[in-house]
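Visitor: Listed below, chain by chain, are the residues.
Number of protein chains: 2
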Amino acid sequence: MSNNRNVTYPLPIKIVGVGRYLPGRIVPSSELEAKCGLPEGWCLRKQGVRERRWVGDETISFMGAEAAREAAADAGIKLTDIDLIITAAHSFEKAIPEDGPLIQQRLGLAGTGIPCLRVTAACVSFLAALDVSASLLASGRYRNILIVTTEITTGKLDFSNPAVCTLMGDASAAVVVVRTPPGEASGIHAVSMETYSEASDISSVSGGVGHSTLFRNDVLADDFVFDFDPQSVRAAGIKYNQKFLARLWPPANKDSFRLVIPNQASRLTIDFMKLSFPSDRVMSIIEQFGNCGAAGFPLAIYEAVKQGRISRGDMVLLEGMTAGFTLMGIVLTY
Amino acid sequence: MSNNRNVTYPLPIKIVGVGRYLPGRIVPSSELEAKCGLPEGWCLRKQGVRERRWVGDETISFMGAEAAREAAADAGIKLTDIDLIITAAHSFEKAIPEDGPLIQQRLGLAGTGIPCLRVTAACVSFLAALDVSASLLASGRYRNILIVTTEITTGKLDFSNPAVCTLMGDASAAVVVVRTPPGEASGIHAVSMETYSEASDISSVSGGVGHSTLFRNDVLADDFVFDFDPQSVRAAGIKYNQKFLARLWPPANKDSFRLVIPNQASRLTIDFMKLSFPSDRVMSIIEQFGNCGAAGFPLAIYEAVKQGRISRGDMVLLEGMTAGFTLMGIVLTY
Numbered sequence: 001m002s003n004n005r006n007v008t009y010p011l012p013i014k015i016v017g018v019g020r021y022l023p024g025r026i027v028p029s030s031e032l033e034a035k036c037g038l039p040e041g042w043c044l045r046k047q048g049v050r051e052r053r054w055v056g057d058e059t060i061s062f063m064g065a066e067a068a069r070e071a072a073a074d075a076g077i078k079l080t081d082i083d084l085i086i087t088a089a090h091s092f093e094k095a096i097p098e099d100g101p102l103i104q105q106r107l108g109l110a111g112t113g114i115p116c117l118r119v120t121a122a123c124v125s126f127l128a129a130l131d132v133s134a135s136l137l138a139s140g141r142y143r144n145i146l147i148v149t150t151e152i153t154t155g156k157l158d159f160s161n162p163a164v165c166t167l168m169g170d171a172s173a174a175v176v177v178v179r180t181p182p183g184e185a186s187g188i189h190a191v192s193m194e195t196y197s198e199a200s201d202i203s204s205v206s207g208g209v210g211h212s213t214l215f216r217n218d219v220l221a222d223d224f225v226f227d228f229d230p231q232s233v234r235a236a237g238i239k240y241n242q243k244f245l246a247r248l249w250p251p252a253n254k255d256s257f258r259l260v261i262p263n264q265a266s267r268l269t270i271d272f273m274k275l276s277f278p279s280d281r282v283m284s285i286i287e288q289f290g291n292c293g294a295a296g297f298p299l300a301i302y303e304a305v306k307q308g309r310i311s312r313g314d315m316v317l318l319e320g321m322t323a324g325f326t327l328m329g330i331v332l333t334y
Numbered sequence: 001m002s003n004n005r006n007v008t009y010p011l012p013i014k015i016v017g018v019g020r021y022l023p024g025r026i027v028p029s030s031e032l033e034a035k036c037g038l039p040e041g042w043c044l045r046k047q048g049v050r051e052r053r054w055v056g057d058e059t060i061s062f063m064g065a066e067a068a069r070e071a072a073a074d075a076g077i078k079l080t081d082i083d084l085i086i087t088a089a090h091s092f093e094k095a096i097p098e099d100g101p102l103i104q105q106r107l108g109l110a111g112t113g114i115p116c117l118r119v120t121a122a123c124v125s126f127l128a129a130l131d132v133s134a135s136l137l138a139s140g141r142y143r144n145i146l147i148v149t150t151e152i153t154t155g156k157l158d159f160s161n162p163a164v165c166t167l168m169g170d171a172s173a174a175v176v177v178v179r180t181p182p183g184e185a186s187g188i189h190a191v192s193m194e195t196y197s198e199a200s201d202i203s204s205v206s207g208g209v210g211h212s213t214l215f216r217n218d219v220l221a222d223d224f225v226f227d228f229d230p231q232s233v234r235a236a237g238i239k240y241n242q243k244f245l246a247r248l249w250p251p252a253n254k255d256s257f258r259l260v261i262p263n264q265a266s267r268l269t270i271d272f273m274k275l276s277f278p279s280d281r282v283m284s285i286i287e288q289f290g291n292c293g294a295a296g297f298p299l300a301i302y303e304a305v306k307q308g309r310i311s312r313g314d315m316v317l318l319e320g321m322t323a324g325f326t327l328m329g330i331v332l333t334y
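Just so you know, the protein sequences line up as chains F and C, in that order.
Just so we're aligned: 41 in the working numbering is position 41 of the first sequence, and the numbers increase by one with no gaps anywhere.
Just so we're aligned: 237 in the working numbering is position 237 of the second sequence, and the numbers increase by one with no gaps anywhere.
The hints are simulated quantities; they were obtained by calculation from the structure and are not laboratory data.
Be aware that a few hints might be false.
The list treats identical chains as one, so a pair stands whether inside a single copy or across any two.
What the hints assert, rightly or not - The list that follows gives simulated cross-link-like pairs (lysine-lysine, DSBU-like), each with its CA atoms no further than 30 Å apart:
{"no.": "1", "residue 1": "K94", "residue 2": "K243"}
{"no.": "2", "residue 1": "K254", "residue 2": "K94"}
{"no.": "3", "residue 1": "K78", "residue 2": "K243"}
{"no.": "4", "residue 1": "K254", "residue 2": "K35"}
{"no.": "5", "residue 1": "K274", "residue 2": "K239"}
{"no.": "6", "residue 1": "K239", "residue 2": "K35"}
{"no.": "7", "residue 1": "K78", "residue 2": "K239"}
{"no.": "8", "residue 1": "K94", "residue 2": "K239"}
{"no.": "9", "residue 1": "K274", "residue 2": "K94"}
{"no.": "10", "residue 1": "K35", "residue 2": "K78"}
{"no.": "11", "residue 1": "K35", "residue 2": "K306"}
{"no.": "12", "residue 1": "K306", "residue 2": "K239"}
{"no.": "13", "residue 1": "K254", "residue 2": "K78"}
{"no.": "14", "residue 1": "K78", "residue 2": "K46"}
{"no.": "15", "residue 1": "K35", "residue 2": "K243"}
{"no.": "16", "residue 1": "K274", "residue 2": "K35"}
{"no.": "17", "residue 1": "K78", "residue 2": "K274"}
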């Protein structure tokens, strides 16, 4: 399975602005440890999570619009310069109309006609939207695309299930992408997405609940199990992820990328990447934000940019495994 | 607002196969008229609907896989030749994993890695997926894309609300699209999508509930109102749709297209197109299928192809208004 044979790389996409909105309420792990009867320090030790944000009365469209405003300002463009709004998350405020129009309205763009589209693929929805955007920019269909990923994962938390309720967080993050201006290096050098529904329930592989369904609430409970069974996780990772990476970017070695941004699903999914790449080049934001679903990728990009961990011209790997079972990877020059 | 300035048309997309799955249960209007205490002939006279299909135990992934099989066979390709599955509907079987992986599994493709993506924009989701596919084919990202739109709209019917429950139907339809082979005429000549969230509640325009939200269940009830107030519908149509069409395809006249396929939302949305184009060139399938949400477009394409109403080389307009408020139009050579 290769999706790359007919593409003329690089695909001309440049991230020109990043934004985010974090719910006002910070939930420290100590609060949840008390609530769930867990020992002090359990969340950080077991999950790698020190705190996370949970929404109060913030809505998806409110959070998305705030993140979008910051991204447009960061890009130095007017909101009216945006010619496509892509929402890329599995959370949604209303079934119809979708979040795009709701965000458009909150941005004061209600009469502009700027089109709205939703692109999803579980927790790699943001990467899927980047991929689609690259082709839309390449064909000339659009010029300034706003991608907004907002997740409220904490709508129905079960406090009798500490492995889940302590891990999840809410967040919104957005980027503005444009067609790479002539002479600049930004672009996608390789992109691949692979879905193996055989592994949507790989109990036969992992002797219980598989890696594949890591992001379903009912399975996140088994993150616990994973913690005690690193062999099965490593087996799933070896079966799919390492071969996937080798196909995506055959010359990859531990020094190929300035930064590797994995799916911010759990300490496990991040530690897994540290098997292949130097620890200090693997981005992790779960200590501060927990698992924010599909918002993890753009929020990690935001943090990487703002912390100066990536600069213009740097080669970055975005790669994650998610429910489906789907793997997705993008190699890009920022 | 024009999205077309930078595209080199035609975008190289060819529909090479069509498929569908219709639920086994045919619900004649007489059955609903009896159930709802309506006069005999009401559904056909008021709604233009003679019968519709409602699911029994059919699921979204089952219906989608059946439609996909027929589309692949019609295209003369093996299922394993597909290199992307796009699901494009607002119905979904599970939040995670999405319908794409579920359909992939039912097609016996569970170990292939064929990626799955979801693209939605209310009832123009299928058109949005066609648009995205055209750019993905143009960039070389994919070669054989399966688009599946399955809607089960009848999950929560309110039989005290005859205007809604008599209108809705269930269906799945699928197409296989490829990059247009050299020397062939198939392709997209113009495509545009515009979202006006100002009209997500245009009560000030229509004096009640607006055209914009036509596809929300709570508003479909007001189709009734529309029936008695054609002026307000015409006003909304003139405000948005006729200008949209003029921007989409400036040379358009009543003879521009071999066939015009509008959103199959109601008799009204179809009759509206007959104001601009000859009646016998405006495709309608609602008499037989009712409003099948986003599945209306691909099902109408299926019928148009199988009934011989469009042939290779014919110029076709696909155009619809949907919740958002979003307008989308595609001019293509089949």
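Visitor: Enumerate the violated hints, using their earlier numbering and listing them in ascending order.
Guide: 2, 4, 6, 9, 10, 11, 12, 13, 14, 15, 16, 17
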